[in-house]
Every structure is written in C-alpha cells, then in structure tokens.
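> Read off the chains here:
There are 4 protein chains.
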Amino acid sequence: MDYSKILDTIQLKLKNHIPTGKVATYIPELAKIPGDKLGMHLYCINSGHYNFGDAHERFSIQSISKVFSLTLAMNTIGNDVFKRVDVEPSGNPFNSLIQLEYENGIPRNPFINAGALLIADILVSHLKNPKQELLQFIRTISGIDSITSNSTVASSEKKHSNRNAALLHLMKSFGNIENDIDKVLDLYVFQCAIEMSCQELAQAFMLYANEGVSIQNQQQIIAKRTVKRINAIMQTCGFYDEAGEFSFRVGLPGKSGVGGGIVAIHPNQYSTAVWSPKLNPKGNSELGMMALEELTTLTGLSIF
Amino acid sequence: MDYSKILDTIQLKLKNHIPTGKVATYIPELAKIPGDKLGMHLYCINSGHYNFGDAHERFSIQSISKVFSLTLAMNTIGNDVFKRVDVEPSGNPFNSLIQLEYENGIPRNPFINAGALLIADILVSHLKNPKQELLQFIRTISGIDSITSNSTVASSEKKHSNRNAALLHLMKSFGNIENDIDKVLDLYVFQCAIEMSCQELAQAFMLYANEGVSIQNQQQIIAKRTVKRINAIMQTCGFYDEAGEFSFRVGLPGKSGVGGGIVAIHPNQYSTAVWSPKLNPKGNSELGMMALEELTTLTGLSIF
Amino acid sequence: MDYSKILDTIQLKLKNHIPTGKVATYIPELAKIPGDKLGMHLYCINSGHYNFGDAHERFSIQSISKVFSLTLAMNTIGNDVFKRVDVEPSGNPFNSLIQLEYENGIPRNPFINAGALLIADILVSHLKNPKQELLQFIRTISGIDSITSNSTVASSEKKHSNRNAALLHLMKSFGNIENDIDKVLDLYVFQCAIEMSCQELAQAFMLYANEGVSIQNQQQIIAKRTVKRINAIMQTCGFYDEAGEFSFRVGLPGKSGVGGGIVAIHPNQYSTAVWSPKLNPKGNSELGMMALEELTTLTGLSIF
Amino acid sequence: MDYSKILDTIQLKLKNHIPTGKVATYIPELAKIPGDKLGMHLYCINSGHYNFGDAHERFSIQSISKVFSLTLAMNTIGNDVFKRVDVEPSGNPFNSLIQLEYENGIPRNPFINAGALLIADILVSHLKNPKQELLQFIRTISGIDSITSNSTVASSEKKHSNRNAALLHLMKSFGNIENDIDKVLDLYVFQCAIEMSCQELAQAFMLYANEGVSIQNQQQIIAKRTVKRINAIMQTCGFYDEAGEFSFRVGLPGKSGVGGGIVAIHPNQYSTAVWSPKLNPKGNSELGMMALEELTTLTGLSIF
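Protein chains in written order, with the working numbering: chain A, 131 to 434; chain B, 131 to 434; chain C, 131 to 434; chain D, 131 to 434.
It is possible that some hints are incorrect.
One copy or two, it doesn't matter: identical chains are merged, so the pair holds either way.
Claimed, not checked - With a Cα cut of at most 25 Å, we get these calculated SDA-like pairs of lysine to any residue:
hint	residue 1	residue 2
1	K412	N146
2	K145	G165
3	K167	G235
4	K412	T150
5	K313	H290
6	K261	I352
7	K354	I136
8	K213	M420
9	K412	G305
10	K412	E372
11	K258	T429
12	K213	T427
13	K162	S177
14	K354	E375
15	K258	S285
16	K313	D216
17	K135	G178
18	K313	N234
19	K135	E424
20	K288	D310
21	K288	G305
22	K289	N234
23	K143	M420
24	K288	H256
25	K354	Q399
26	K288	E263
27	K152	S303
Don't read these hints as lab results, they were simulated from the structure. None of these values were measured; they are calculated from a predicted model.
With the hints as constraints, model all of the structure from the sequences given.
If you want it as structure tokens, here you go:
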C-alpha cells in the first residue's frame, strides 16, 4: 500500500477544511498554542515511518498519558487494578459525579478523570518515585530519552483542579483512595503535562500495535494479554463521550487529549498520531478525527 | 486451525462450570425454558460449520433482533437513522429514563430499549408491512425460510411492556416518535419473540463477518460501510452495561439477548452463536460469555 | 384591619408593574387567554368578601384542582393515600422521572404530576363516577352549582399528555397504578380543565382556612386533621420548584396553576385567590406571587 | 393551658415506646453517647419553662448550628446571602452532588451540607474571628456564657469530612467558594461540635418565636423580616429528606441534628427542644419526632 500517497491525500483534505472548533482554554498555557498547528505521523510495522506537517513538534499529551499510567499500573499490580476501577463506558460527561456516587466510588473506567486519578493513586502507593518511573516507562517504550513534563503547565493545571479534587475526596469518602490527595493530584498534573511529538507518540504506541513487543529490541515489554485489554478499553472508552462515534467513523482503538492530540493503533499493522489543537464540542481534535477517518477509509483497514 | 478440537475444549470447560446465574423470568414463557440448555455454533468463512450441544434448537432471540431491525432501517433510510438515535454507549441501565430526558428524547444508541423502539418506529413509518418485511429480511440473510415469531411470547411480552410504553411516550413528548405507540410496541414485541437456533443465527450474522456479502449467493445484501458501522455499534453497545467487559474479555463485536443467546463475529473470519439461558447479574448469558472468551483465547483471534 | 384599603394598595402596586412573564402555551386554549387579565378575591372569616379586577371571571384552575382531588381521595380512603404517594418536596422539575424511578414508582408528593395522576387512579378505583363526584365535591364546598369542566380544554390537554402517559406507564411498571391508563388520564385532564373565578376559589378554599367546617352551613365537611395535613403539603409542595421561595416571600400554604391562578389560606383568618395569566420562569403567576407577598406584608399576617 | 401536664403525658408516652433507630456512628465521639438519653424543654412566651428528663445535659448540636450560622450571615451581609444559596427544598439526599452540579454550584438551601458550607465560607470572608463571633452570637441569644465547642468532636469530624471537602471543591470549581477550603471546613466542624442542652437551645430559639426580640432584655437582635425568612426555611428544609413528613406530622418550623436534638418554634407562642440520640432511617431523632407531634396534638397549636 502506498502510505506516502495516502498521507498526501489526507493532508490535502485537511488543508481544505476550516475547523470550527476551539483551542482548549481552561488553563492559560494550552490557550496560547496556535490553533493552526497540524501534524500527523504513521508508523507501520512493515514499512516504517510516514508523516507530514508539525509531526516533530512536541505538544501537551494530556489525557493520552492515561494509557501509559494504566499500562504501568497493570505492569505493577496486574489485574488487581480492576478491583478498584471498572472497564465500562461512562455514558455522559454530565454523569461523572453522580455515577461515582451511585456506584460507590468505583470509577466507570480508567480513562475518565475519576479513573485516571485512581490509577495515579495506585502508582503513588506502589512506586518509590512515581513521576520518574512513569516518565522512564514512556522514554523506554518510545525510545526517546529527552521526553519530559512541562512544569509550568503542570502547576497551572494544579491551580485549576478543584473538580479533580472533588472526585478524589468523593472516592476517598468511599475508601477507594489510599494516599494524600495533594500527592495524587501532583502526579496527575505531572503526567498530563508530559510533552511529546506525533512521531514520539506513534513510536510509543507501536507497543500496543505490536502485541507488547518493542519494535526496537524485540523484547516483550508488556504481556500480550495486557495489550489486548488496554486496546479494548481504548476502543470503548478512549474518546470521552464520543467513543461510539469514533468507533463508528474510524474503527480503531485510540485515545485523545485536550491538547489536540489523538493516537490510534491497528493491531499488527500500524500506530499513528495526529495533532491539531482545535477541539470539537465533545473535546476531541476536530481535524484529528477527520484525519483518522480518512486513514481507515483510504487504507481499507479498520478492525470491523 | 483445528476448530473442531477448539469447540471440544470449550464444551468440556463449560460442562465443568456450574452457572450461578438465573433464567430470565420477567415473562412466564421465558421462565419455562430449562436452564441447562447449552449449544454453540461456529461458522468459518474458510472452513464451514462446527457446533455442539443444542446448537440446532430454536430459542427466543430477544434483543439480538435489534441488530436485524437496525440493519433493515439503515437499508431503508440510510444514515438518516442517526438523526434520531445516537451511537454512544449508555453508561448505566439506571440512567435509561434520565438520559433520555436529559438528551431531549434522543436515545443513546439503537441497542438500548429506547433506541430499538425508535428503530421500530422508523420501520413502521417506512415499510408497508414491517413485521413481514423484517421476518423476510432475516430469512433471506440466514437462508432459512421457516424462521418465525412466537405469538404467545410476543403477546406475553406486550402485557409486560409498561416501561417500554413509558419510553415511547417520553420520546413522543419530545416529538421523536411518529406513529401510534401501540403499533410500535406491537412490532417491537414481534421482533423480540422471533425464534432461531445457534446455527441459524451464525448463518444470519455471517453477513456482518463477510462485509455484507451473502456467503450463499455472493450478493452484496448490505453495503460494506453499513456493516462496518453496525459492527462498531455492536462493539461498543452490544452488551447492556457489560459492553466494556465483553470487549475486554472477548474482543469481538457481538450482541446478547435475555433469552440466553449471544452472537459475535470476527470480520473476515467467522460468525458464532452460543445459547445458555442462565444470565449473569448484568443480563448476559453466563456460559455464553465464557464460551466466547475461550474461543478468542484458543484461536488467538481477537480484533485487538 | 382595613382590608378594603389593603386590596386597593395591592391593585395599585400591580398596575405599576409590567410583568415580564409569558402566558402558558403548551395547549392552544390556554395560549388564547389575554395576558392582562388580573383579579383578586379575599374572603375573611370575620369580615367577609373583598376583591378587585377580574375577580368574577372564570379561568382554567389546572393544578389547583390537585388540592380538591387529594381532599376527595383522603375523604374516601383516608391515610391509605400515603401508602402510595409520599409527602416530601420534589426538589427539581428535571428530576420528575428519575426520582420516580429511583424511588420505585412512589411519587414524591400529591402535587407533582406523578402524584396527582396517582390520586386520579385512586379516585377511579374507589368512586363510581369520579368526574361527577369530584365536580360535586367542588360545587359543595364552594357553594356554586354552576362550576363545570371545559371539555375543549380537556381534550386539547389529552392530546398533549405524552409525558403524563410516560409517568403513568412507569408507575404501572412498578405496580403502583391499578386502572387503565387512558381512564386515569381522562379524569386528570377533566379536573385540570375545571373553570372557576377567584371568588369561587376563595369560597372553596375557605374550608382549609376554617378547619374543615363549611362557613355556609357550619358542617364539618372534612376532618380537622385532614385539613392540617393538606395545608402542610400545600406549604411544602404547592409551588412546583418555588415552594421555598413562596414560603419565604409569602409564608402561607397555597397552590398555583399554569392557568395563572394562585390560592392561599391563612388558618382561622382568610382564604384568597389571585389570577394573572403571565407566568414567571418557574411556572407560577408573576403578579399573583407579588399580590400575595404584598398581602402578608400589609396585613402583618404570615404563619411565621 | 396546663403545659406541665402536657409534658408529663409526652414523657409517659415516650417511655412506653422502644425506639428501633440507631445512634449516629459516623464519628466515634457521637457513637459513644448512651442511646437512652431523653430530655425535653418547652419555653413559653407567656408562662415560662417546663421540662423533663435530661433537659439540662449538653449534647452535640450538629446541624442545628446551621440556623445560627445562617442568622449570623444574614445579619452580616443581608439578603446577599441568597445570591449564593437558594431556598428550595432539596428533594433527595442522593441528589446532593448531582443537584449541585446541575445547578452550577448553587446549593439548594442553607441547611443541606453544601449550603451550610457556603454559609461558613461567607462568615470566613466577612468576620475577623468567625469561630468566636459565632459562639458569642449563640451565647448572647441564649443568655448562657459557658456554651462552647468540643474540640475532640470537631477534630474527629474533620477527619471524616471527605464528602464535605468534595462539595467545597465542586462549588469552588464553579467559583462559588471564596476562601481556602481547609479554613471553611475548620469553621464548619467547629460549629457542628458546639454543645448545648435542651434548655439552652430552647432559650436561644426563643428569638425565632419572638419575632427577633430577646425575651431577656427586649432588644431587637435580628430583624423581624429575617426571622420570618429563617422560619420559612426551617419549615421547608429543616429535616433532611423528612421536611414534608415533619411539616405534616408536627406543623412547626424546626431543625434537627444527627446528635439527636430537634428544636421547633411556634411563632408568638413557644420554642422547644428535644434530645434523644437514636435516629430514624432519615437521620432525625425518632423519639424527638414523636415528642413534637404529641406536643402539637395535645396543645392544639400547629401553624396549620
């Protein structure tokens, strides 16, 4: 398949589409990002790297980090993770607090905020230096040692985290948070503020396309069964309240972040990442969604 | 792959497991079904049919019929279906009415009751004889002309449909139901009461595994794009509040019914159906879930 | 106290206030009522009748009828009424369906729609001719034999009753409705369409101000204890989601209707009714609320 | 009226009733209180003091303190209080968080926890030494200088305040909390841990029965209009999810606390307080409710 031509077609199509969405503004640092940034990177198991635009420029990965923290938590305590967080789609953003209350402090899945905060609590409990170990894990699977977290973004995010603090206190009232709330929030904003480029994300996510084996050194970094589980969770829960729509239009497991990044993988075929900061009303990158829909249409490769 | 041996292994495993679930009792006709019925049928594109147990005995397909009615509605009015019903997972059964109210009478997806009732309303609006046309559609795609709906089950179901009537009235108050409520309910209970065996279901669902092409006469019955969409909806919404768990454990698009049936497909590989009437607390066949988990584990074929 | 002067003051104040609210439009018959209608009637136990404006013109009493039907139900089956309906304020209009579901089909109180429908079901179960008996009850306590229900309004209301039908079906699914849903709806729209003037309402409600004794013939029509209970329910639940605000501003038990009428009573002092069709955003007569606030301020008589 | 005899009758009736409720256990200090404590104090404007049992023993007033803090807040910033908190009954305890979210961080009323926390935030903003000023206010209106807060109870309550912290963070995320969350929680647990006897409570609440005038020195401590408002809020919101039931059975404005205390007032007649630590399922003192129902039945004095 001529992936080079396919990416050209996608780039052309995106250029002709003027996004109506808006850059995230809930923290000043994200609001500053130019809305016209656009990059895409495709990493194929058989034929290597393809990209266009700002594919090499780093941006705030935000919620995409939830996939990494979940993986690290599963590598640390295995399926015990799922004694404290469920794996069901959450329905509606509006429900976040009521669902948590109705279901006795057990978050619906690890990718809604409540669930990711709970995963952070697990890491704080079981790792000596959770921030550094999470960062090291990402460096290892991507093969890029210079990846780091932006402390300005993190501290700004910390200042706007009353809603996350509310979720943590509510879970703690049900006995489902073990550590000091400030410590957990600290790790959480650290991971959200990690910065990576499309290429770096595609390299990191290759692990999930390649059954847990590093494509660089052929080592099994995470168990094949763990990968299958995480991919299933990305499929059903990776896009806020648009998981069904993404599944419907793209048909791949993936994860988005409010920084405008989206990653997706096709098992045994490729991993890919897109970046365009303008978000649709559901909080997912507007052009990113289009790019991935186009990709599966043009390659004819969808898991369905 | 030796599918024959794989089914033997599954059968043995299921025999050694005593289900703790219960047969559905909300209508007397379903409560009468012996709880120890157990059958499975696997239909592979390349190698044909495999089965064990009660694979040839018909049972009430109940919510599995929602896949057929959605397909027929999409074949009739295309994507206009999705102007009236969304494609997002619904979260929590408890939310059925509140979500419908909060989202102004637009059901979350076509597989929750509200959504399936809306699809029935579409069929009543656009087909001359919706019951017969739906039945004919199922007979065509399965290749079995004797399939029919059990009128005793249908009329018993009608008598216990106050909650469904409430959903219809609520949607009508938002202007999202066009027809007489009794007529829509009539079609809905008719489709739920259709009876098919595992083999017949596997034959019908082969269409979704085979990109919309009938394996019998090589005709394109439904568009490839429609199949992809329906499979995506089965993946995210096919199992009540256990879609994530099924995705996690099995990793295939599928649909279950309270009659104890579950169907699943692996695109370009196979379709399969299991029947065991005892349901787990989420309303899905307990042994059916195990059988399908075992199948993807033993074949190594999951979409993730 | 010079009630005549007090009513003059109120009338003057209302004339100088231009309401920003709107006449109810959910059925065409109510939408036709001129928005500038304004009448008030005060009936004092010691000093008789006072009124101004359109106090003698009949209008659709709508939800005010819920007080009469509750009284008749309590006169018929006593406190057994409260086995099927609670007496707690309902919080939020948005909650109507979810609360009903969460509380297993038991309405929060007899004045929300679900509760009034349940009271109608009780009357259908226990009275031979519920419509005529309810009408006769109102004629008796008001002393006005010509009071009747407007059949055009009733049948128009019936056509717009999908939400009420949804509530009835949901309650029936919990086993809390005994009769045919259509029959119950019929009684309900009949009672809402009853037409009375401010004077007639004030005369009828004198019973609740006078401990259940008819001021006309000194007979005990309803038990003193029943009156106390109904007044308590009017106090906490009489004004949709504005019961607290009314309690706060007026401090009297009362009941409003979307036809623009409001009644209120001061135990052992007076009963009063106001009519002005323009409703505030919570669905209560805008000028009616002002008139009653003014009345308790000027008389210095509030129950608090 | 022979109040002395009436209290004898009530005491006898309570002695013959074995409560099925339980002492509050959410903090160890409350769990230690003997369940058979029972006291009642009645303070009549015209005839002075009557009491029985443990009427002079102090107990944790808990939520009864919310009436004092609301009064102090209204004395400090007037009706601006109601720009930040509503006055409507809250429906259902289950709704606490969802209602707060749905209504954009505006608590339903000052007596649910969210509302009382908001009132505490107001006091922290506007008073130099909020703890001491609140205590001084209570000492002044009761005429008892030795009233104080139990610091052991307060610090224990602080340790179990994750749910209250969640409410504060959620309100802060909507911009409706001005101060440091820890400071607000500190004041809140301080006020809950204030200890008073039935007699002391009855003396303090005489202000609300006597139109805001101190019965001791005839000074107007709070405006008559403020008293009317607070009484109206006690009437509709004073008893968690049992405000309607209390209104129905007792017919007086009142407020209960999980320490087993209940206060109630009859405007221009009396104030009263009961203490019995065993709570009914709604969280109100079981014998306390009975005592007050008996009181209004025997005196024939209810506001309805």
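> Against each hint, give a clear statement of whether it holds in the structure.
Results of checking the hints against the structure:
no., hint, verdict
1, K412 / N146, "within (22 Å within a copy, 47 Å between copies)"
2, K145 / G165, "within (13 Å within a copy, 55 Å between copies)"
3, K167 / G235, "neither (39 Å within a copy, 36 Å between copies)"
4, K412 / T150, "within (13 Å within a copy, 35 Å between copies)"
5, K313 / H290, "both (15 Å within a copy, 19 Å between copies)"
6, K261 / I352, "within (19 Å within a copy, 51 Å between copies)"
7, K354 / I136, "between (30 Å within a copy, 21 Å between copies)"
8, K213 / M420, "between (36 Å within a copy, 20 Å between copies)"
9, K412 / G305, "between (31 Å within a copy, 23 Å between copies)"
10, K412 / E372, "both (7 Å within a copy, 24 Å between copies)"
11, K258 / T429, "neither (44 Å within a copy, 40 Å between copies)"
12, K213 / T427, "between (38 Å within a copy, 22 Å between copies)"
13, K162 / S177, "neither (36 Å within a copy, 58 Å between copies)"
14, K354 / E375, "between (27 Å within a copy, 18 Å between copies)"
15, K258 / S285, "within (22 Å within a copy, 31 Å between copies)"
16, K313 / D216, "within (23 Å within a copy, 35 Å between copies)"
17, K135 / G178, "within (14 Å within a copy, 38 Å between copies)"
18, K313 / N234, "within (23 Å within a copy, 28 Å between copies)"
19, K135 / E424, "within (12 Å within a copy, 41 Å between copies)"
20, K288 / D310, "both (15 Å within a copy, 15 Å between copies)"
21, K288 / G305, "both (23 Å within a copy, 16 Å between copies)"
22, K289 / N234, "between (27 Å within a copy, 20 Å between copies)"
23, K143 / M420, "within (9 Å within a copy, 45 Å between copies)"
24, K288 / H256, "within (22 Å within a copy, 27 Å between copies)"
25, K354 / Q399, "both (15 Å within a copy, 21 Å between copies)"
26, K288 / E263, "within (20 Å within a copy, 34 Å between copies)"
27, K152 / S303, "between (36 Å within a copy, 21 Å between copies)"
Comparing the model with each earlier hint shows violations of hints 3, 11 and 13; every other hint is respected.
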